[in-house]
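Enquirer: One-letter residues, chain by chain:
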Amino acid sequence: MVSTHILSAYDEELKYLNRRISEMGGLAEQMCGDAVRALVNSDTALAQKIISDDVILDHAEREIQDKAIVTIARRQPVAADLREIIGTLRIAADLERVGDLGKNTAKRVIAVQGTGVPRKLARGLEHLSELALVQLKDVLDVFASRSAEKAEIIRQRDEEIDAMYTSLFRELLTYMMEDPRNITSCTHLLFCAKNIERIGDHATNIAETIYYIKTGAQLEGERPKDDTANTVGALVE
Amino acid sequence: MNMMSEAAVEKALDKKMNDMSYKMIGSDVSVYYGEKRALFDVNLNVRENTVTALIGPSGCGKSTFLRTLNRMNDTIEGCRVTGKITLDGDDVYDKEIDVVELRARVGMVFQKPNPFPKSIYENIAYGPRIHGLARNKADMDQIVEASLQRAGLWTEVKDRLHEGGTGLSGGQQQRLCIARAVAVSPEVILMDEPCSALDPIATAKVEELIHELRANYTIVIVTHSMQQAARVSQRTAMFHLGQLVEENDTDKMFTNPDDQRTQDYIMGRFG
Numbered sequence: 001m002v003s004t005h006i007l008s009a010y011d012e013e014l015k016y017l018n019r020r021i022s023e024m025g026g027l028a029e030q031m032c033g034d035a036v037r038a039l040v041n042s043d044t045a046l047a048q049k050i051i052s053d054d055v056i057l058d059h060a061e062r063e064i065q066d067k068a069i070v071t072i073a074r075r076q077p078v079a080a081d082l083r084e085i086i087g088t089l090r091i092a093a094d095l096e097r098v099g100d101l102g103k104n105t106a107k108r109v110i111a112v113q114g115t116g117v118p119r120k121l122a123r124g125l126e127h128l129s130e131l132a133l134v135q136l137k138d139v140l141d142v143f144a145s146r147s148a149e150k151a152e153i154i155r156q157r158d159e160e161i162d163a164m165y166t167s168l169f170r171e172l173l174t175y176m177m178e179d180p181r182n183i184t185s186c187t188h189l190l191f192c193a194k195n196i197e198r199i200g201d202h203a204t205n206i207a208e209t210i211y212y213i214k215t216g217a218q219l220e221g222e223r224p225k226d227d228t229a230n231t232v233g234a235l236v237e
Numbered sequence: 001m002n003m004m005s006e007a008a009v010e011k012a013l014d015k016k017m018n019d020m021s022y023k024m025i026g027s028d029v030s031v032y033y034g035e036k037r038a039l040f041d042v043n044l045n046v047r048e049n050t051v052t053a054l055i056g057p058s059g060c061g062k063s064t065f066l067r068t069l070n071r072m073n074d075t076i077e078g079c080r081v082t083g084k085i086t087l088d089g090d091d092v093y094d095k096e097i098d099v100v101e102l103r104a105r106v107g108m109v110f111q112k113p114n115p116f117p118k119s120i121y122e123n124i125a126y127g128p129r130i131h132g133l134a135r136n137k138a139d140m141d142q143i144v145e146a147s148l149q150r151a152g153l154w155t156e157v158k159d160r161l162h163e164g165g166t167g168l169s170g171g172q173q174q175r176l177c178i179a180r181a182v183a184v185s186p187e188v189i190l191m192d193e194p195c196s197a198l199d200p201i202a203t204a205k206v207e208e209l210i211h212e213l214r215a216n217y218t219i220v221i222v223t224h225s226m227q228q229a230a231r232v233s234q235r236t237a238m239f240h241l242g243q244l245v246e247e248n249d250t251d252k253m254f255t256n257p258d259d260q261r262t263q264d265y266i267m268g269r270f271g
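Quick note, the sequences are listed as chains A and B, same order. Letter 213 of the first sequence, counting from 1, is numbered 213 in the numbering used here, and no numbers are missing. Letter 232 of the second sequence, counting from 1, is numbered 232 in the numbering used here, and no numbers are missing.
No lab work stands behind these hints, which were simulated from the structure alone. We put the beta carbon where it would ideally sit given N, CA and C, even for glycine. Just so you know, not all the hints are guaranteed correct.
What the hints assert, rightly or not - Calculated from the model, a selection of chain B residues having no Cβ within reach of chain A, i.e. all distances over 12 Å:
no., residue
1, Y93
2, M108
3, F110
4, P117
5, S119
6, Q142
7, K158
Said to hold, decoys possible - Here are the simulated BS3-like cross-link-like pairs (lysine-lysine), alpha carbons at most 27 Å apart as the crow flies:
no., chain 1, residue 1, chain 2, residue 2
8, A, K214, B, K252
9, A, K137, A, K150
10, A, K67, B, K252
11, A, K137, A, K107
12, A, K137, A, K214
13, A, K194, A, K107
14, B, K252, A, K150
15, B, K118, B, K205
16, A, K49, A, K107
17, B, K252, A, K15
18, A, K225, A, K137
Working from the sequences, and respecting the hints, build out all of it.
Expert: This is the structure in structure tokens:
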């Protein structure tokens with residue numbers, strides 16, 4: 001921030017919102033990473049911890065909302081300040097959803113526990129989650145640095161995750177066709193893959209919000225997408 | 001008026017505004033108070049049927065600019081204005097122009113409500129009388145009622161038109177002054193911080209009035225309240241150290257202004 005407010009308490013309130021977003025981001029990132037680890041290692045204890053951690057994230061989002069509303073009411077923010085606070089609300093909502101996706105993945109650890117995850121699929125999921133988590137981590141760094149250019153770059157990168165997800169989707173279908181006993185676990189894994197892919201989408205949302213906070217303009221044009229999973233069925237007739 | 005037609009009226013007004021019909025044009029306007037220069041080559045055009053808000057820190061020249069529009073600066077000793085200001089193409093500073101007539105076309109409302117120490121009726125009737133706008137008593141009654149109606153004051157004062165104007169509350173007095181300005185059928189109304197002496201309810205009433213007046217008049221308002229500028233105007237001009245820093249759509253001005261100085265000022269930051 002180049003200049004500070006004449007009212008120092010106002011700056012404190014904005015700093016508080018920023019800090020809470022960073023905290024939420026850190027926790028959401030950790031939950032998602034742990035969820036995939038728990039899935040690959042069939043670690044139900046870790047899965048339980050993730051499920052209970054989600055409460056902290058939900059609570060943080062509500063606190064951010066309350067504080068943002070009070071700040072709007074008291075300070076009547078305009079221009080960059082207004083965009084900042086509205087952006088904070090949107091990012092908090094995205095991060096809360098990311099936490100939910102991590103939690104949902106963790107719940108499935110318990111469901112696929114007995115059957116285990118085939119090595120090859122596990123690697124695929126791990127790779128997908130690495131991509132999504134890098135995306136999430138980078139976007140949180142951009143939130144700290146407020147670089148509109150970097151936010152735009154991150155938005156472009158979501159394509160990779162989509163492509164990876166589509167290929168995983170195909171693989172899971174192949175497994176299910178090979179042996180119908182795989183269907184239950186593969187369906188769960190499919191949801192997990194979808195969860196991870198959605199984390200990438202939320203990271204993209206956050207990138208767009210940061211761009212808006214910084215510039216006051218919305219990023220134009222469609223997001224680059226390479227998610228063709230919705231047409232994959234046509235290929236396996 | 002129902003919601004639809006009100007929205008339609010707004011839309012028509014916005015269209016009219018965006019047709020760029022400038023009511024007043026200020027070109028390279030500079031103002032000197034003796035040796036001191038208060039305004040530096042300001043180029044600012046006032047759009048018709050539009051509320052234009054002038055904002056900026058104290059001493060930035062916004063009131064000075066406002067006063068050039070109807071030559072209120074003429075009354076200040078040692079004040080000199082250069083550049084050109086036109087009203088519908090007529091040069092406001094032309095030697096031929098009748099200043100009294102100019103001020104009937106470009107009316108003014110001041111910071112402190114200043115009704116004459118006369119009755120409510122006489123406060124309104126004074127202007128039309130000196131400008132010969134009423135042929136008889138019935139005409140005058142009609143002008144007084146219409147003006148009070150326009151200022152949203154009629155129902156509150158219709159039973160005590162012959163009581164003193166100074167007996168009204170501050171907010172009512174200010175609306176009386178607006179009614180008085182409206183009575184001479186001006187084209188432009190200048191307002192210099194019209195709500196700074198009023199409480200929030202009276203302020204809201206005056207703001208609602210400004211909003212309604214836009215349909216028939218062109219309004220330029222100087223205000224220290226950012227929120228007021230944001231609430232009532234369609235265009236906002238930001239002054240700083242005697243210069244026009246930025247003029248923009250109010251929506252743009254309060255969400256994403258172009259100039260860093262505007263940004264710092266409206267957000268209450270140290271520049």
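Enquirer: If a hint holds in the structure, say so; if it does not, say that too.
Expert: Each hint, compared with the structure:
The beta carbon of B:Y93 sits about 36 Å from the closest Cβ of chain A, which is more than 12 Å, so the claim that it is off the interface holds. Non-interface call for B:M108 relative to chain A: holds, since the shortest CB-CB distance, roughly 28 Å, exceeds 12 Å. Every beta carbon of chain A lies more than 12 Å from that of B:F110, the smallest distance being close to 26 Å; the non-interface claim holds. Distance check for B:P117 against chain A: the nearest CB is about 38 Å away, which clears 12 Å, and the non-interface claim stands.
With a least beta-carbon separation of about 40 Å from chain A, B:S119 lies farther than 12 Å from that chain, consistent with its non-interface assignment. No beta-carbon of chain A is positioned within 12 Å of the beta-carbon of B:Q142; the least distance is around 42 Å. The beta carbon of B:K158 is kept farther than 12 Å from every beta carbon of chain A, the shortest such distance being approximately 37 Å. With a C-alpha separation of about 15 Å, the suggested pair A:K214 and B:K252 falls inside the 27 Å cut-off, and the hint holds.
Among the hinted pairs, A:K137 with A:K150 is consistent with the structure: their alpha-carbon atoms are about 13 Å apart, no more than 27 Å. The straight-line distance between the Cα atoms of A:K67 and B:K252 is roughly 26 Å, inside the 27 Å bound, and the hint therefore holds. Between the alpha carbons of A:K137 and A:K107 the distance comes to roughly 23 Å, so the proposed pair stays at or under 27 Å and holds. Taken as a hint, the A:K137 and A:K214 pair is honoured in the structure, with Cα atoms around 19 Å apart against an allowance of 27 Å.
The suggested pairing of A:K194 with A:K107 holds, with an alpha-carbon distance near 14 Å, which does not exceed 27 Å. Simply put, B:K252 and A:K150 have alpha-carbon atoms about 25 Å apart, close enough for the 27 Å limit, and the pair holds. For the hint linking B:K118 to B:K205, the alpha-carbon distance of about 24 Å falls within 27 Å, and the restraint holds. Only pairs whose Cα atoms come within 27 Å are accepted, and A:K49 paired with A:K107 is accepted, the gap being roughly 11 Å.
Annotation: proposed proximity of B:K252 to A:K15 holds, straight-line Cα distance about 25 Å (limit 27 Å). With a C-alpha separation of about 20 Å, the suggested pair A:K225 and A:K137 falls inside the 27 Å cut-off, and the hint holds.
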